[in-house]
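Engineer: Listed below are the residues making up each chain.
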Amino acid sequence: MEITTSSFKHCDLLKIKGRIDSATAPQLEKTIQALTNHSRFRIILDLKELEFMSSAGLRILMITQKACRRYNRGELVLAEVPDVIKSALELSGFTQLFKFFDDPLSAVGNF
Amino acid sequence: MEIFDKQIRMTKLFLPGKYENLVKISEFVRLAANEAGLDAVSTYEVETAVEEVCANIIEHAYGKENVGDIECTCEVRPDELTVILHDWGKSFNPAKIRPPNLNAPLKKRHAHGLGLLFIRQWMDEVHFNFTAETGNFLTMVKHKEKVG
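The listed protein sequences correspond, in order, to chains A and B. The numbers in the first sequence follow our numbering, run straight up by one, and end at 111. The numbers in the second sequence follow our numbering, run straight up by one, and end at 148.
Read the hints as simulated data drawn from the structure, not as lab findings. Quick caveat, the model's predicted, so the values are computed rather than measured. Cβ atoms here follow ideal geometry from the backbone N, Cα and C, with glycine treated the same way. A hint or two may mislead.
Said to hold, decoys possible - Just a few of them, taken from the derived set where beta-carbon distance is under 10 Å, the chain B residues facing chain A: (1) Cys54; (2) Glu59; (3) Trp88; (4) Gly89; (5) Ser91; (6) Arg98; (7) Pro100; (8) Ala104; (9) Leu106; (10) Lys107; (11) Leu116; (12) Gln121; (13) Trp122.
Said to hold, decoys possible - Some residues of chain B that are not near chain A, with every Cβ distance over 12 Å (derived): (14) Ile8; (15) Met10; (16) Phe14; (17) Glu20; (18) Arg30; (19) Asn34; (20) Glu52; (21) Asp69; (22) Thr73; (23) Thr82; (24) His86; (25) Gly115; (26) Lys146.
Whole structure, please, built from the sequences with the hints as guidance.
Structural biologist: Following this line, the structure appears as structure tokens:
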């Protein structure tokens, strides 16, 4: 898994490439915590190049969304989600917990 | 005996139970799924189910990484794929795992039980078989989707 972070004035964009599974989920969690520890709670995950996500990844998404939405201080949103990963999110009942964007720039514009 | 049937091709992978090996198991299963003629979506579903089983074996059956091995067997038939996962760790009662509440508000949501949800929803057949003598076997079948 590769994560590329771009910081904007009001939000941070993380492009994730490869697999989020039990082996790589801790790396994603650390990267996100580095942002939230600095009070950066408006986060976009661009999943265009994500090939696979297991429930270990879903767990990180849920923990992050809970941390970001607390006190209404921000939100985690998802951009360019591949169809197979969208179907995993639908099966898990995650689609009502996140906003989805077709491209990362409109996600940035959301904040 | 079924094993001598020319219509069946069987492959096996035997690996230590650690998370970095999950990607190898995934690739192994993907090849078998392709051979069985499953489409991209079905293949992804099988990969996810196998991944969740193996992560559970490491986390729950063995309790942590590098405690025991995982044996993954794929049986390829013309229109279906059977994956058998075998471990020698602690057994569990799948009926005791509470299904996650998928409609709960965010504050009350938990990620527990999602793995089992994928396994049950995305595989066509799931059979658990636990014995003290031979270890734990989980057999899952995915049929090739019918066109038309």
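Engineer: Confirm or reject each hint.
Structural biologist: Outcome of the hint check:
1. Cys54: 8 Å, holds
2. Glu59: 8 Å, holds
3. Trp88: 20 Å, violated
4. Gly89: 16 Å, violated
5. Ser91: 21 Å, violated
6. Arg98: Cβ of arginine 98 of chain B sits 15 Å from chain A, so the hint is violated.
7. Pro100: 8 Å, holds
8. Ala104: Status holds, d = 8 Å.
9. Leu106: 5 Å, holds
10. Lys107: Holds, about 7 Å.
11. Leu116: Since the shortest Cβ distance to chain A is 9 Å, the answer is holds.
12. Gln121: Cβ of glutamine 121 of chain B sits 6 Å from chain A, so the hint holds.
13. Trp122: Nearest chain A Cβ about 8 Å off; hint holds.
14. Ile8: 28 Å, holds
15. Met10: 25 Å, holds
16. Phe14: For phenylalanine 14 of chain B, whose nearest Cβ neighbour in chain A is about 19 Å away, the distance exceeds 12 Å, so it holds.
17. Glu20: Glutamate 20 of chain B not clear of chain A: closest Cβ-Cβ about 5 Å, inside 12 Å.
18. Arg30: 10 Å, violated
19. Asn34: About 15 Å separates asparagine 34 of chain B from the closest Cβ of chain A, which puts it past 12 Å; holds.
20. Glu52: Its Cβ does come within 12 Å of chain A, the nearest being 6 Å, so this is violated.
21. Asp69: 17 Å, holds
22. Thr73: 21 Å, holds
23. Thr82: 21 Å, holds
24. His86: 19 Å, holds
25. Gly115: 4 Å, violated
26. Lys146: Per Cβ check, lysine 146 of chain B is outside 12 Å of chain A; nearest 19 Å; holds.
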